[in-house]
Amino acid sequence: KAGVTQTPRYLIKTRGQQVTLSCSPISGHRSVSWYQQTPGQGLQFLFEYFSETQRNKGNFPGRFSGRQFSNSRSEMNVSTLELGDSALYLCASSSGVLNTYEQYFGPGTRLTVT
Amino acid sequence: DQQVKQNSPSLSVQEGRISILNCDYTNSMFDYFLWYKKYPAEGPTFLISISSIKDKNEDGRFTVFLNKSAKHLSLHIVPSQPGDSAVYFCAASVSGNTPLVFGKGTRLSVIA
Chain A
1 KAGVTQTPRY LIKTRGQQVT LSCSPISGHR SVSWYQQTPG QGLQFLFEYF
51 SETQRNKGNF PGRFSGRQFS NSRSEMNVST LELGDSALYL CASSSGVLNT
101 YEQYFGPGTR LTVT
Chain B
1 DQQVKQNSPS LSVQEGRISI LNCDYTNSMF DYFLWYKKYP AEGPTFLISI
51 SSIKDKNEDG RFTVFLNKSA KHLSLHIVPS QPGDSAVYFC AASVSGNTPL
101 VFGKGTRLSV IA
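So the sequence lines, in the order shown, correspond to chains A and B.
The first sequence lines up with residues 1 to 114 when you count with this note's numbering.
The second sequence lines up with residues 1 to 112 when you count with this note's numbering.
Do not take every clue at face value.
Unchecked claim - From the derived model, a few chain A residues whose C-beta atoms are all more than 10 Å from chain B:
(1) V4
(2) I12
(3) R15
(4) G16
(5) T20
(6) I26
(7) G28
(8) Q41
(9) R63
(10) E75
(11) S79
(12) Q103
Claimed, not checked - Quick list of in silico lysine-lysine cross-link-like pairs, DSBU-like style, CA-CA up to 30 Å:
(13) B/K104 x B/K56
(14) A/K13 x B/K54
(15) B/K54 x B/K71
(16) A/K13 x B/K104
As the list claims (entries may be wrong) - Just the calculated beta-carbon pair ranges, DEER-fashion:
(17) A/Q17 x B/A112: 23 to 31 Å
(18) B/I111 x A/K13: 33 to 41 Å
(19) B/S28 x A/V97: 23 to 31 Å
(20) A/T38 x B/G16: 30 to 38 Å
No lab work stands behind these hints, which were simulated from the structure alone.
Heads up, the beta-carbon is just placed ideally off N, CA and C, and yes, glycines get one too.
Please model the complete structure; the sequences and the hints are all you need to start from.
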């Protein structure tokens with residue numbers, strides 16, 4: 001089975017711009033979660049999508065949004081970028097079945113905001 | 001308030017010895033715990049997990065211990081190998097469809 005893929009792997013944007021990141025989950029997985037990792041911080045949960053619906057949301061401003069398509073692929077959008085948005089953005093997929101906790105992560109997208 | 005804490009940012013261990021990584025949590029509702037390993041430029045990889053109905057789970061060189069009364073878990077790696085050098089994240093979840101809550105990670109360096 002192919003793993004979780006994320007595109008692009010690296011991105012440089014300017015403050016005030018917007019960015020869209022993409023994630024393709026493992027085949028058959030219906031849940032996609034997004035995390036932000038910054039230096040000195042753990043993985044901070046952004047949101048989770050299951051069957052095209054946002055099922056959980058973390059404590060991030062409304063500039064961070066996402067969506068999921070019928071094929072379970074997901075996109076994350078950040079509008080009006082700030083310097084503090086520079087981070088590694090990780091996508092994780094899981095089956096989404098109740099009480100299935102293991103998530104499988106992609107390699108991440110390294111976003112640099114200048 | 002951080003619900004999952006890994007108080008040691010880094011740990012150095014000699015090859016062949018035991019590595020012990022610790023994790024504390026504050027939310028008594030957590031009932032499932034996981035450890036992930038992360039190499040640079042890669043996403044975290046699932047390593048081992050434990051349910052709150054157990055106090056120990058073993059998988060090869062990796063053993064996770066859970067002390068519910070102390071709200072503490074630990075990951076033991078025996079024997080440690082240079083390839084184990086990575087950042088280790090502890091994560092916790094409440095049963096049902098809730099997101100994983102991660103600690104900030106511990107960087108393990110295994111010295112040959």
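Using Cβ atoms and 10 Å as the threshold, tell me whether A/R63 really stays out of contact range of chain B. Fine: 19 Å to the nearest Cβ keeps A/R63 off the interface.
Given as non-interface: A/S79, partner chain B, CB spacing beyond 10 Å: Answer for A/S79: holds, closest chain B Cβ roughly 22 Å.
Measuring Cβ to Cβ, find out whether A/R15 lies farther than 10 Å from everything in chain B. A/R15 clear of chain B: closest Cβ-Cβ about 25 Å, beyond 10 Å.
Minimum Cβ-Cβ distance from A/T20 to chain B exceeds 10 Å: A/T20 clear of chain B: closest Cβ-Cβ about 19 Å, beyond 10 Å.
Take a quick look at A/I26 and tell me if its Cβ sits farther than 10 Å from every Cβ on chain B, holds or violated. holds, 12 Å
Assertion that A/E75 lies farther than 10 Å from chain B (Cβ): holds, 17 Å
Is the gap between the beta carbons of B/I111 and A/K13 within 33 to 41 Å? holds, 39 Å
Restraint check for A/K13 with B/K54, where alpha carbons must lie at most 30 Å apart: violated, 47 Å
Going by Cβ atoms, does A/I12 stay more than 10 Å from chain B at every point? At about 16 Å from chain B, A/I12 clears the 10 Å cut-off, so the statement holds.
Taking 30 Å as the top limit, are the C-alpha atoms of A/K13 and B/K104 close enough? holds, 26 Å
In terms of Cβ atoms, is chain B entirely out of 10 Å range of A/Q103? violated, 6 Å
Look at the Cβ atoms of A/T38 and B/G16 and judge whether their distance stays inside 30 to 38 Å. holds, 34 Å
Consistency with the previously given hints fails for numbers 1, 8, 12, 14 and 17, ordered from lowest to highest.
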